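Trainee: Given the sequences, and given the hints that come with them, work out the whole structure.
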Amino acid sequence: MIHSLFLINASGDIFLEKHWKSVVSRSVCDYFFEAQERATEPENVPPVIPTPHHYLISVLRHRIYFVAVIQSEVPPLFVIEFLHRVVDTFQDYFGVCTEAAIKDNVVVVYELLEEMLDNGFPLATESNILKELIKPPTILRTMVNTITGSTNVGEQLPTGQLSVVPWRRTGVKYTNNEAYFDVVEEIDAIIDKSGSTITAEIQGVIDACVKLTGMPDLTLSFMNPRLLDDVSFHPCVRFKRWEAERILSFIPPDGNFRLLSYHVSSQNLVAIPVYVKHNITFREGSSQGRFDLTLGPKQTMGKAVESVLVSSQLPRGVLNANLNPSQGTYTFDPVTKLLTWDVGKINPQKLPSLKGTMNLQAGASKPDENPTINIQFKIQQMAISGTQLHTHPHTLQLQSQSSSSQLTTA
Amino acid sequence: MTDSKYFTTTKKGEIFELKAELNSDKKEKKKEAVKKVIASMTVGKDVSALFPDVVNCMQTDNLELKKLVYLYLMNYAKSQPDMAIMAVNTFVKDCEDPNPLIRALAVRTMGCIRVDKITEYLCEPLRKCLKDEDPYVRKTAAVCVAKLHDINAQLVEDQGFLDTLKDLISDSNPMVVANAVAALSEIAESHPNSNLLDLNPQTINKLLTALNECTEWGQIFILDCLANYTPRDDRESQSICERVTPRLSHANSAVVLSAVKVLMKFMEMLPKDLDYYGTLLKKLAPPLVTLLSAEPELQYVALRNINLIVQRRPEILKHEMKVFFVKYNDPIYVKLEKLDIMIRLASQANIAQVLAELKEYATEVDVDFVRKAVRAIGRCAIKVEQSAERCVSTLLDLIQTKVNYVVQEAIVVIKDIFRKYPNKYESVIATLCENLDSLDEPEARAAMIWIVGEYAERIDNADELLESFLEGFHDESTQVQLQLLTAIVKLFLKKPTETQELVQQVLSLATQDSDNPDLRDRGYIYWRLLSTDPVAAKEVVLAEKPLISEETDLIEPTLLEELICHIGTLASVYHKPPSAFVEGSRGVQHKRLPGSAGSGESVESPDTGSAAGVSDAPPAVIPSQGDLLGDLLNLDLTPPATTGPPPPATSGMQLGAMDLLGGGLDSLMGDESEPLGGDLGGSSAMGAGFGAPPAAPAASFSAPVSGGLDDLFDLGGGVGMPMGAYSPPKTVWLPAMKGKGLEISGTFARRAGVIQMEMTLTNKAMSVMTDFAIQFNRNSFGLAPAGPLQVLTPLSPNQSIEVTLPLNTVGPVMKMDPLNNLQVAVKNNIDVFYFSCQYPISMLFVEDGKMERQVFLATWKDISNDNEAQFQIKDCHLSSDAVSNKLQGSNIFTIAKRTVDGQDMLYQSTKLSNGIWVLAELRVQTGNPTFTVCLKCRAPEVSQCVFQSYDAVLKN
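Residue numbers (UniProt numbering), protein chains in the order written: chain D, 1 to 410; chain Z, 1 to 956.
Just so you know, the hints here were simulated from the structure itself, not pulled from any lab data. Since this is a predicted model, take the numbers as computed values, not measurements. Keep in mind that a hint or two might mislead.
[What the hints assert, rightly or not] Derived pair list, reagent style BS3-like, types lysine-lysine, alpha-carbon separation capped at 25 Å: (1) D:K378 - Z:K327; (2) Z:K827 - Z:K850; (3) D:K193 - Z:K359; (4) Z:K93 - D:K21; (5) Z:K861 - Z:K827; (6) D:K135 - Z:K35.
[To be verified] One-sided excerpt, in silico: chain Z residues whose CB lies under 8 Å from chain D: (7) V143; (8) E216; (9) L298; (10) A352.
The beta carbon of each residue, even a glycine, is placed where N, CA and C say it ideally should be.
Mentor: This is the structure we're talking about:
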């Protein structure tokens, strides 16, 4: 089981350690530092590192390495999932998960870690249970605590802890009952030089914010559930009902949670809502290259393509770039050779373009590699896969559906 | 108002200040002080000096303060055990508190305090808490049993907590069940044979019910536990699968992977024609694909597991090739894994896409990745024959890029392609030769030299090319030197007239100027071969080589089976069985997949039963049909291509050479004839039959004599000469009836530290027998022949021959039943015969099995009484001195002797070749022919066998 946890910041200092069994000397992290040194990029540190007596499993989040130490055969995914949960909990409690935030709340952090794991076994990881045990710090509560001498620690056994619905506490009351569901879809596609799609897959999630009194039992259904290849549910969703009727039936947790995530694979044809015209050439024997890029929308059902960000890794031989954007701004980092162009919104009448020349090292031969162009953008109010939610009015009065899509094209 | 203030303290008198604050009357100040103490603790400062002051704060109604003090206690109690006793009363009181939160907290904290004196007080409160009315307390208490077991295993067993824990599996609350399972699994890990998790259909049913209702973490524990169960039949297996499948849709990836493990394992039992089998296969793919869109570190673990899954059941993901295409922003460790899986999934249907992708990757920036991509193209060519041509042309395109490392990597893989498809793509040699000068890595140079040597007749200037390499011969790495030597000899055999000078030059370079024994020996062999019989030389050096196949990079099937049982664990990430890396390797059990519906019996049977006597066990001849055979038939029985007796030395040789070429030659010839033909190490396919390490004959000369002497001195006077190790008389292993006229009888002996198998082969048939070879199946101690079976002359009818086969213990390991069972396959020109025999375990007792007295005492205490076994040896009329003398001959060493009430107690130790220590207490009463042996060992399975050896040694 999980023995210890070390938090390490970007400059390589161990700023927090927590041991659930006997104390493991922090010198064990030296193996981690070695691996870190070998990796070219911070994110390239291998997730599982063996040492003579322990195994180190690490995740990098918000520029902090969470390094778990284990001694026996433990499923690595179990450890990684737990570390993710720790990060999520910190973020939930402190708003951000940074070194400063953790240090500012070190006592709460310690209490949380103690509550989340007992002897290496997860104890309470659901946010609502934790919040009943240890109240999140707020400015008001800190003031009240200082004056009255009361504490952040709950005195009562959390009600949800052992019930059949551990994710929801009892006795929730709201004056305004409301529930929001966000469908966020991310499309991940690789498109080759000539514009044909090599792979495209859609990764979707439905995030919910439910503020309802009592023990509401909700049902939701999809207009076209067949689209979904694979779904992963929050534990509250009744799986039998989904299997039989393709209906989501659940008692929701209180507050924000991820109801489900789904996957629509490339077998279903996905229409990519933007296109790129590009012309990046280097001529043999010349120290100059041409760069010409134009973006345009397609099949967006009239929705605007927003927050467009283009980045491209130019060949190593490129010294600098002299470009002219028709809108937005661009930067070129001569060290990493990364070109980024913040386009903003695409106006279908006047397509954004970036044109100009690149300078190569004098005398260098023509670069071999083809630069990849990576485009990120958002389209509000459109689910690219065509997913649509139905609501069942007899169980749920209020429904607001705002959906946003995000698309990454490489 | 943040906690960071706790970190900023005035340096001077910090501890002193805190002490004052902790003893303050004001509650508020106290709490602040404790917080400061905790803060210092988290950053690794030593605040243990404040122990008494902090403990004083423990008695409080303030829950937060209580928790903080508990935190502190857990960290420092160990360093201040006497002080920690002060806290016991409060703990015991808290365990009775009306608030279940406090009861649970108290029992939880007590378990974390690793101080013996405290654990004694823990038992009573823990017993109460295990039966507490509140499930929250019960589930906390369940984990506490595991903690306690870690500190003092004996205490847990004595107090009967394990039984209580087993009862909790039937608890009404699923969370309690999950924690009980988790605790039991952890305890079972340190007691591999304790049979703690006794799984039967009833408990399985309870677990499956709890599975639906407990937390995600509990589900992982339960699923991992389920994976250890072996269903009785395919119907049970199907019903478990049906109830586990919904877990594939869980948001927690660890749950998903554990469910995949259960399904992969139980699927083995389902008949393939069942509809449900097909459905299950279809259901497995989507969750695996979804894992790949998670965070990179999850992807990495998932990919390592998918790698195993596609090797076992490629049909699951065969249509999902595209999801393994590399994304530009994947971390490098994900990219490399994806590449591996792409090749595994490559088939004729998708090869075009794969190649297009691989070609793109080869122009990437990261050098490691590019290299692997180029190598992948080569592997595709070898795997998918139809694509070979396209792969070769892609590789040629890449060579045209002139990027140094790409060219080198391409040449290495083209060499492999040549070996797979000889005489097909040699037209590209010209292009390769153009790039000769840019090669600077040994592997690429060696590959190029191999190509030049192999195709010397088609390359006009082959001699010039090789000569250019020869100039810097001494600066090359061994790999290149060996290759160059072979290549030039090949060249000479192909074009003898022009290259005489060259070959002489290289031979003298290799034999006279080199310090490397491998190189020198190979040089001498060639020299002798060439000078004795050029025709034979041609046959040897230019022999037909076995084709290589893609199987070389697949995981060996039995290992794969074991790894499939470990999906989701560290073993699956490293692709090694847990026994290979788990700390201490406390007799880890090897897991195997259950057999399919028809052949359930071949599954590994549980623990060692009552094994028959060692020496007189009837040799069981394995019937020539049946499931067991499957394993043996897979063994590669090709004898290491012996090329006849070594040619006699000729006068042309220098004197020095003769010595060098002494005895080792024939074994060298046997093992190296393939490399002579042109092996390039790593990537080429070495048939399993060639794998026998050549070192063994030499080993028999080393070490043992001095070991025996030391022991003599150790025991001092009084004791006579130790006799040789006991060896049972020969028994018939393979009767002539079953062996088509070949009768084999034999025995085992340990002589001078080498285990030997002594056999008498008798030909009772009418015709001459030749071409003998021997192979062992995997066995408990990794016994394997250390050399080929030396039957040099044909065995004519009615002739017998005595053969001694040296054995080593570095072969593959598989637990057998009985433990000392050995399955053997012997081949001759007539057929392959299988038989099994049992070897006395005393063969495996090594010479350095004498333990230090102190170590012996400590180890004896350390091994739990569970692992103790008692046996009686009847009718033995020896004195205790004679006994110890006799046993010492078989490497069972007497460490101490004590006489109590006329009874001699001998304390003895012995060590098995795989490092298992066995400690013994032998009671000998003068006048009483019955001795009592008490054996203690960390791997108690061996006790029975060891006892048999005792019995056999003492009675002979």
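Trainee: Give a verdict on every hint.
Mentor: A quick look at each hint next to the structure:
1. D:K378 - Z:K327: holds (20 Å)
2. Z:K827 - Z:K850: violated (40 Å)
3. D:K193 - Z:K359: With a Cα-Cα distance of about 14 Å, the restraint between K193 of chain D and K359 of chain Z holds, given a limit of 25 Å.
4. Z:K93 - D:K21: holds (24 Å)
5. Z:K861 - Z:K827: Answer violated: K861 of chain Z to K827 of chain Z is near 49 Å, above 25 Å.
6. D:K135 - Z:K35: holds (17 Å)
7. V143: Nearest chain D Cβ about 5 Å off; hint holds.
8. E216: Where the cut-off is 8 Å and the nearest Cβ of chain D is about 7 Å from E216 of chain Z, the hint holds.
9. L298: holds (6 Å)
10. A352: violated (12 Å)
When each numbered hint is compared with the structure, violations occur for hints 2, 5 and 10.
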